[in-house]
Amino acid sequence: MKGSLLSVPTAAAAGLARCRACGQLSRLPAPTSDGAAACPRCGTVLHLRQPASVARTWAYLSAAAVLYVPANVLPVMRSGSLFGVQEDTILSGVVFLWHDGSWFLAALVFVASIVVPLAKLLVLAFLLLGVQWRSAWRPQWRTRLYRIIEYLGRWSMLDIYVVTLLAALIQVQSLASIQAGPGAVAFGAVVVLTMLASQSFDPRLIWDAAAAAPATARPPASAQASR
Amino acid sequence: MNEPPPTQPAAAADPIPEAVALPRRRRNLQLVWLVPVLAVLIAIVLGVRAWIDHGPVITIRFPSAEGLEPGKTRIRYKSVDIGTVKAVRLSADRKAVVVVAEMVNGAQSLLREDTRFWVVRPRFAGGELTGLSTVLSGAFVGVDVGKSETTRRDFTGLDAPPSITTDEPGREFVLHSSDLGSIDIGSPVYYRRMNVGKVTAIGLDADGRGVNLRVFLHTPYEGLVTHNTRFWHASGVDLSFDGGGIKLQTQSLVSVLLGGIAFGTPPAAAPAAVAAPDYVFTLFADEARAMKRSNAEVMPLLAYFKESMRGLAPGAPVDFRGVTVGEVKSVEINFDTEAREIRAPVHMVLYRDLIRASAGGSGPDAASAEELLQRAIARGLRAQLRIGNLITGQRHVALEFARGVPVPRLLAPEGAGAPLEIPTLPGGLEDLQATLTQIAKTIERVPFDELATDMQAALKSLRALLDKTGQLPLSDLTAELRGTLASLDVALRRADQVLRQFDETLAPGLGAAISETRQTMKAANELLTSDAPAQQDLRNALQELARAAQSMRELTDLLQRRPDVLLRGRPADGSGVGTEGER
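Those sequence lines, one after another, are chains A and B.
With my numbering applied, the first sequence closes on residue 314, and no number is skipped along the way.
With my numbering applied, the second sequence closes on residue 778, and no number is skipped along the way.
The shape of chain B in the complex, shown without the other chains (with noise of 0.2 Å):
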């Protein structure tokens, strides 16, 4: 503070220098104002910028928010992110779940009517392992934008993944079954064993006597079903008797664990329309049942057999010389109120199209099959119930031509629609019990007691004879002896001369003869010598024959102690059994 105070006399003394001094430049503009411009531009634009890639704000209803983050979760279609899930909170009735999800900016248009939104988790459905990738990244919610006009905010999340998404080219249809089997969504559609398509709901009638499924072929196989497709389970292993004997039939292995549906269209079928989507289709319990004709392909039929129908199953096949011409549809028993007894009827149908191309005609012109079968049955064509399976004693009808039947009275139905009925013939095994049964009443019909009696009484009689001849006077008898003798004394001599006579003219000759016969019974001894080839042959076919013969017995025995071996075959160990085949 020593120092001279600030004043303008000390400044002239001071070293400090004068500034240089410089023209006024005016700065109208402050042009650092430019910056705050700049900063609200900045901020306008990023501001913007958010605002237009903020889209919809939307709601979606879910049974539930596992997995789900507020913040984290996205919405994701086709793997691209277009949402993002904001805020998961209960609903007012806390029922479900009310998660409200971001949409991003465009976003709009995939906000359809029908839109449907679900939670993508890992999940097992149809044979396919699905959402593996959210073990690790979390859930995510999967959206299949629909196809509808109008748009909305608030959604209602499915359940499980639809198995089929809006843009997948393909064709849905109805099926209606009265049981689910093992199908489920998912479940595949097989055509000719090669998955077309899959199930993509299932649901109860509204009556509750059926079901319904939707299936959804995919885009190059909707072609293949027609109005006249059948659709038939396709799940597990279909194992049948029948008369014709053990099925065995089963699809994939895919769907013999998880089941599943196949189709086809019979090959008698007439070429159809292609059917419409969500055609309604019946979905029947096997292939077999699946592929039989419908009523307008079939021919009805009716025969009363005499025999027991035991063994004749609905389903049984008619055949014509074992060719299948049609199956039997019903078997019952009614009273016959004119004529006083219980018949049986069996009805049956058969194919139109094999009768008429039996006939050799298949055209519009050619005679009708019921024609046909009325001609047929005039010229004798009989039903007959046959044994078709030993075993099980599944039995079927054949269709034969008889000789020497009767022509039946009624040959023409009695009204429309009505069946035909044919005439029968007893079946081939009774016809043999019947003979067998005829064989062993005449045989009882023979009197072996009085046969026995009346041989007694005749054994008597000629030991009384025998008795009476001891008894006879011999000396009538020597006189009697003695004329015979002469008499026969005078015939030996006159013998005597022929014989001269016989020796004179023929004896050379016969000495020819003689000498020929014994060259010839040498020739035949040779034959018969025990080393002779024919000897030998002989005896080689004889031993054959033994053998043979021992087999049977053998055979025989085996039957008798194992009669089954006839169907199954020897068994492996051959136990009493395998000298038949050492021989």
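Okay, chain A solo, but in the shape it has when bound (with noise of 0.2 Å):
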């Protein structure tokens, strides 16, 4: 079955590529013309897969994986009222919401904002990893866990949208006023540069390395490839 389903021919065997604007699939100039093609209708640059997109995906991770850590640190929302002023870090805010009995609330702020992130960058590492060592195990549940994780992405962004509305709404002046803290920010910037690096990774790599794998021992693959 996993044989059978490696071994099908796929378009950039075929030297066809779809355009990725317009949906035209157009055949590619033979690769030893030493160029770059462009969609015959729309005029796109026509790739056979997202140029780059192993070391992108990585840089974009690095970075998240920079920034997950003032994210975490440092304070997302300053909320100040008559009686000073208080500070509060994303932990800090969970466990203000379990010490108060909002358990559900606790578990969904924890796991929308540090487990989502945090398993974001691990899965996405470990793709990439795959990738590179040109893995063949379980390239299915891998394209699983890629989607799962794509999927999961937007949500992390609720942390975000809260202290945005609450800056917004709450400047009673003196008495109440709430605002972002520089944690904000390095959480907003994880959240985007994850779900970059998500959209910048291609998952067909997976299936390339997974077909390169046996292909070693398959002659003819690569004698397609090389045509």
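No lab work stands behind these hints: they were computed from the structure.
The reader is advised that the hints may include incorrect statements.
[As the list claims (entries may be wrong)] Quick list of the computed label-pair ranges, beta carbon to beta carbon: (1) B:Ala396 / A:Leu195: 50 to 60 Å; (2) A:Leu262 / B:Ala396: 36 to 46 Å; (3) A:Ala194 / B:Lys342: 49 to 59 Å; (4) A:Ala194 / B:Pro265: 22 to 32 Å; (5) A:Leu256 / B:Gly398: 49 to 59 Å; (6) B:Asn300 / A:Ala98: 58 to 68 Å; (7) A:Val172 / B:Ala396: 26 to 36 Å; (8) B:Ile247 / A:Leu256: 25 to 35 Å; (9) A:Val172 / B:Lys342: 27 to 37 Å; (10) A:Leu262 / B:Glu363: 23 to 33 Å; (11) A:Ala194 / B:Leu327: 35 to 45 Å; (12) B:Val369 / A:Leu262: 42 to 52 Å; (13) A:Val172 / B:Arg318: 22 to 32 Å; (14) B:Glu363 / A:Val172: 21 to 31 Å.
Predicted, not measured: the structure shown is a model, and the values here were computed from it.
Each residue gets a CB set at the ideal place from its N, CA and C atoms; glycine is no exception.
Two independent chains are provided; combine them into the complex using the hints.
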């Protein structure tokens, strides 16, 4: 079964490329022509795979990983009232909700704001490593993992939405005011960067690698690609 | 799968168009790697900023962690947050609470050796309610930054907020007192009933024999304190009885309720230098004691009174014609071995300034008070005990010039500093008592018994004489009588002659005189008739006199019944007394 899936002919192998913008399928010029190709209908540059996908993903991912630290350590929200200023990090908000008895909310915030970004970072790193090591291990499973990650990514922005809304709404001079802290910027950047990273990752590379792994034993596949 | 396999010949036939070939563009630089570089830079910037914001971590020991919440409780200096309590834990000996606090960056300069920390909670001290805002916001840690040059990181917190912060301008003085009274930390300090400072610290002496207080005077007022300034308790109500009567003294209502300290400079005191910080003063029990003259300003005086000194207490005034010029220091009893008698020396002091002012000189070249007093004694100045207050029987010493008293033998004091002795006069009341006693004694000397006996004898002899008269022979007497009558007849005849002569010569003048007399009498009669003005005036006057007499009687009745009305006045209901006023 696996062998049959991996051995099917692909568009890339056939020298066909689909335009990302208009969906036009076109035949690429011979790879020996040593030039890029454009869509014959809309003129968009054509790529068989997302160009430099692994490098870009790594770049976004490392930027997100770097910013993940200040996003969790620095205060996200600074709420000032008559009786003093209070600064909250994401984790202190979760702790507050937990002590307050709102366990469901605490769990939700914890999962959406801490677990999901971290999971994205780890999963993307895992997928990238799999591609780079040309692993043939469970490509289907890894593709599903990628789908889940891409779907969940947007929910991490909840925290940022809450802080933004509160900062805009609660501005009663000297009585109460809420400001976004430096952590919020970092956190927002983490979410955006992980989304960019998952977008720039091309899941077809997983299958390419999986196909390439047995390809060493199968000359026809390599012969087809070379053509 | 029926489609032809994607082989080269098939491709030529299908309608898939050929892509447009583009010239190859080589990108040497992967621009996307700028993103992580930027991220690292941002992270570094954020980290550095956060690290810069974090100041030193300090520990403060408090007796209790009441109201302190890790992560929430702030450390505030002048209402500015300078740190946050990060952790609260017990000390190793479990006697205190150690608070770990993280200060903001820049707070290093506030962490001096003598910087003080305390927990601000609502509290009532010195008549002021402080820390009210912490009821809602929760406690915070207050800071008073010290002035020391050295810094430190571990502090011991105060139990209560310091009443004076280090940067408050003013001056602190030390007061020494035998007891604390109702003074507490924060009690006000008054100058002319104006609040000018407060008590900042109280504590026992090292040997426990007294109390030391620190008072702080706010800045414009510290110059009022000179070396001559006296401090006294202004606590509560000061009610005193003495030779001068009843005295009631209070300061402001706050000090009546909470206690306080007042200070002032005696008016007689010479100007002195402004006191330096931490100058030690004595705290007197009341204003009168505080304002007493010091030893340099008084002159000792000694008197031996022969009468009872009941009611003469230390502190009783010594006056000269009603002006207080000194006071009694002590009343003693001792046995004079030379004279072999018990004597009661009364030690007094006189105020030099008053004595010298009375002599009209206060300059340095003026005669000393001792000399002035010696001269005065030689001229007859004497001390006398007088009753100052009839109700309490308090007495005072009066100095008075007496006439016809011998100049005392010893005038100069026996040694330097020894008190000058002033001779005494019996007191006014004692004088009267002595006179009355003398009169009584004289009356006593009259021999009433003998007088009665003599009188009885005289009466007896009179009666005997009368009895004898009845027994005399009357015939002898008649002959004698006849002779006497004859000579009387001759005498009468002569008188008749004289009268006739008189009638002839004087009668006409006499008649005129009589008629004049009659006129005079008539005028007098008119004057004396019942409706004459003089008569009426006289009658009125008599009536008035009668009324006055009645009033006197009523007054004496009243006094007999209630002698106290002399002092207290007539009772308001006027039962049985009202007639006095109605007339």
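Cross-check of the supplied hints:
1. B:Ala396 / A:Leu195: 50 to 60 Å: Between Ala396 of chain B and Leu195 of chain A, where Cβ atoms are some 56 Å apart, the hint holds.
2. A:Leu262 / B:Ala396: 36 to 46 Å: For Ala396 of chain B against Leu262 of chain A, whose Cβ atoms are near 39 Å apart, the range 36 to 46 Å holds.
3. A:Ala194 / B:Lys342: 49 to 59 Å: 53 Å, holds
4. A:Ala194 / B:Pro265: 22 to 32 Å: 24 Å, holds
5. A:Leu256 / B:Gly398: 49 to 59 Å: 56 Å Cβ-Cβ, so the 49 to 59 Å window holds.
6. B:Asn300 / A:Ala98: 58 to 68 Å: With Cβ atoms ~60 Å apart, the hint holds.
7. A:Val172 / B:Ala396: 26 to 36 Å: 34 Å, holds
8. B:Ile247 / A:Leu256: 25 to 35 Å: 31 Å, holds
9. A:Val172 / B:Lys342: 27 to 37 Å: The hint (27 to 37 Å, Cβ to Cβ) holds, given that Val172 of chain A and Lys342 of chain B are roughly 29 Å apart.
10. A:Leu262 / B:Glu363: 23 to 33 Å: Check passed, 31 Å falls within 23 to 33 Å.
11. A:Ala194 / B:Leu327: 35 to 45 Å: 40 Å, holds
12. B:Val369 / A:Leu262: 42 to 52 Å: With a Cβ separation near 47 Å, Val369 of chain B and Leu262 of chain A satisfy 42 to 52 Å, so the hint holds.
13. A:Val172 / B:Arg318: 22 to 32 Å: Given about 24 Å between the Cβ atoms, the range holds.
14. B:Glu363 / A:Val172: 21 to 31 Å: Cβ of Glu363 of chain B to Cβ of Val172 of chain A: about 27 Å, so the range 21 to 31 Å holds.
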